[in-house]
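Residue numbers (my numbering), protein chains in the order written: chain U, 1 to 87; chain Z, 1 to 322.
Just so you know, these hints were derived from the structure itself, not from any lab. Please note that a few of the clues may not be correct.
Stated by the list, open to error - Derived pair list, reagent style SDA-like, types lysine to any residue, alpha-carbon separation capped at 25 Å:
1. K13(U) <-> H289(Z)
2. K95(Z) <-> F13(Z)
3. K82(U) <-> S276(Z)
4. K228(Z) <-> E309(Z)
5. K13(U) <-> F262(Z)
6. K62(Z) <-> F13(Z)
7. K82(U) <-> I14(Z)
8. K13(U) <-> F13(Z)
9. K151(Z) <-> Y141(Z)
10. K13(U) <-> Y141(Z)
Listed below, chain by chain, are the residues.
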Amino acid sequence: MGAHKRADEIEWKMFDDESLLLNVRTGYYFRLNAVGSFIWSSLDGNRSDDEIVRLIADAFETTSEQARNDYRAFIAELVEEKLILNA
Amino acid sequence: MYQHSRQLNLLHFIIHLHSNDMRVLDILCDDFIYNPKNENDFIRSEFNFDILVEDDDRTIGKPTGDFSYAYDFEANLLHLKYLNGAINIDIDYTKRSVFAVISRSSLSCGAALGNWILTIPLAEFLKEYGMYFIHAACLEYAGKSVLFAGKSGFGKTTISLGLMKKGWNLIADDEVFLFEKVAFYAVGGPEKAKISYKTWQKFVDILGETAAFPNKRTINLSAFFSDKMREFGKVHSLCLIRQGMENRINRLKPIDAFQRLFSLAFLNSNPESTRSNFEFLANLCRNCHCYELENNLDFDSLHAFLLDELFAHPKSIGLSSE
Chain U
1 MGAHKRADEI EWKMFDDESL LLNVRTGYYF RLNAVGSFIW SSLDGNRSDD
51 EIVRLIADAF ETTSEQARND YRAFIAELVE EKLILNA
Chain Z
1 MYQHSRQLNL LHFIIHLHSN DMRVLDILCD DFIYNPKNEN DFIRSEFNFD
51 ILVEDDDRTI GKPTGDFSYA YDFEANLLHL KYLNGAINID IDYTKRSVFA
101 VISRSSLSCG AALGNWILTI PLAEFLKEYG MYFIHAACLE YAGKSVLFAG
151 KSGFGKTTIS LGLMKKGWNL IADDEVFLFE KVAFYAVGGP EKAKISYKTW
201 QKFVDILGET AAFPNKRTIN LSAFFSDKMR EFGKVHSLCL IRQGMENRIN
251 RLKPIDAFQR LFSLAFLNSN PESTRSNFEF LANLCRNCHC YELENNLDFD
301 SLHAFLLDEL FAHPKSIGLS SE
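Assemble the whole structure, with the sequences as input and the hints as a guide.
So, in structure tokens, the structure goes:
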């Protein structure tokens with residue numbers, strides 16, 4: 001895995017542990033749960049995917065394998081919706 | 001091309017209206033009543049609205065909510081279309097002007113033209129000045145204001161009239177401009193209400209008797225309630241109105257309120273406008289008490305509940321809570 005960063009046209013707001021994302025070009029918006037919001041806020045382009053997986057495993061007290069699988073699935077959705085780019 | 005022109009002073013902004021037909025200007029200026037107290041105050045900016053009325057052979061009955069829009073990123077233009085193309089409006093963000101082409105038949109829509117031709121385009125320009133438009137009623141009690149946001153037909157006017165009977169003052173019945181200056185404030189839009197005959201019948205005691213009428217009638221609220229109108233107020237709470245026959249009010253998490261409010265207020269347009277709108281409404285929901293409200297004319301309980309919330313004197317009330 002490499003690294004990813006949030007696309008410039010995405011505006012986002014955290015509310016407690018959830019967040020709402022808006023694509024300001026298309027008008028589509030997305031709501032993320034606590035894990036999704038944690039990952040989203042970590043996607044600053046400076047952290048590698050491996051590093052974020054370790055952070056997820058620590059924060060949510062899960063195995064590295066589970067964290068990696070969840071992360072991959074989530075990243076695939078974000079890429080599909082053009083919400084993130086390769087860093 | 002434009003033989004006629006008029007000027008409106010709205011919320012410290014001057015709107016120059018130009019048209020080839022005087023009737024549309026009469027409709028916009030007479031039915032679209034903004035608070036005249038602002039006249040001769042300082043003016044922040046001016047905008048030009050050009051309106052071309054074209055002959056057609058359409059028949060338009062009841063004004064409908066059919067509406068489409070598209071933003072042109074290259075030209076920085078927002079195209080709005082209503083009534084199957086009977087009304088076409090281009091908002092030019094660069095020139096800060098509006099060009100509307102409307103069919104003569106659409107003039108029968110009366111006050112609805114004000115919303116389409118004036119409010120929505122104006123709302124786009126005012127975001128640059130930190131003023132954000134939402135479709136909401138706003139009522140004030142002892143210095144604290146509550147926004148009641150909901151789609152047309154969800155009961156904003158009914159709630160306004162019901163709470164005014166309980167001693168509340170009205171800032172707006174349908175259209176509110178919000179801004180943040182340390183706290184959040186609401187400024188009233190037009191001093192008018194679009195009211196159905198059914199709603200009128202519920203408030204005959206304060207509105208007086210009237211013969212049955214179709215669709216909705218526009219009334220000048222300041223003519224009915226001159227002592228109960230307020231120009232602006234500090235926002236304390238936000239109620240998202242849900243349609244239904246029950247009387248209930250539930251607290252909403254800020255993110256739930258924001259998601260609902262954003263879907264009501266949202267118009268995808270110039271990216272910077274969209275971004276700032278998103279930011280503003282998120283901050284509003286974070287800083288307000290947010291509720292979901294379903295009301296079926298139980299204004300005693302609603303009044304009691306809101307007073308408890310506004311002034312923090314907890315006690316049991318008649319409204320059920322989930």
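Results of checking the hints against the structure:
1. With a CA separation close to 18 Å, the supplied pair K13(U) and H289(Z) stays within the 25 Å bound.
2. A threshold of 25 Å between alpha carbons decides the hint, and for K95(Z) with F13(Z) the separation of about 16 Å falls inside it, so the pair holds.
3. For the proposed pair K82(U) and S276(Z), the alpha carbon gap of about 21 Å is at most 25 Å, so the pair holds.
4. The straight-line distance between the Cα atoms of K228(Z) and E309(Z) is roughly 22 Å, inside the 25 Å bound, and the hint therefore holds.
5. With a C-alpha separation of about 12 Å, the suggested pairing of K13(U) with F262(Z) holds against the 25 Å cut-off.
6. For a cut-off of 25 Å, the pair hint linking K62(Z) to F13(Z) is broken: about 31 Å separates their Cα positions.
7. At roughly 41 Å between alpha-carbon atoms, K82(U) and I14(Z) are farther apart than 25 Å, so this suggested pair is violated.
8. Distance check on the hinted pair: K13(U) and F13(Z) sit about 31 Å apart at the alpha-carbon level, beyond 25 Å; violated.
9. Simply put, K151(Z) and Y141(Z) have alpha-carbon atoms about 23 Å apart, close enough for the 25 Å limit, and the pair holds.
10. A C-alpha spacing of about 31 Å is found between K13(U) and Y141(Z), which places the hinted pair above 25 Å, so the restraint is violated.
Checked against the numbered hints above, the structure breaks hints 6, 7, 8, 10 and satisfies the rest.
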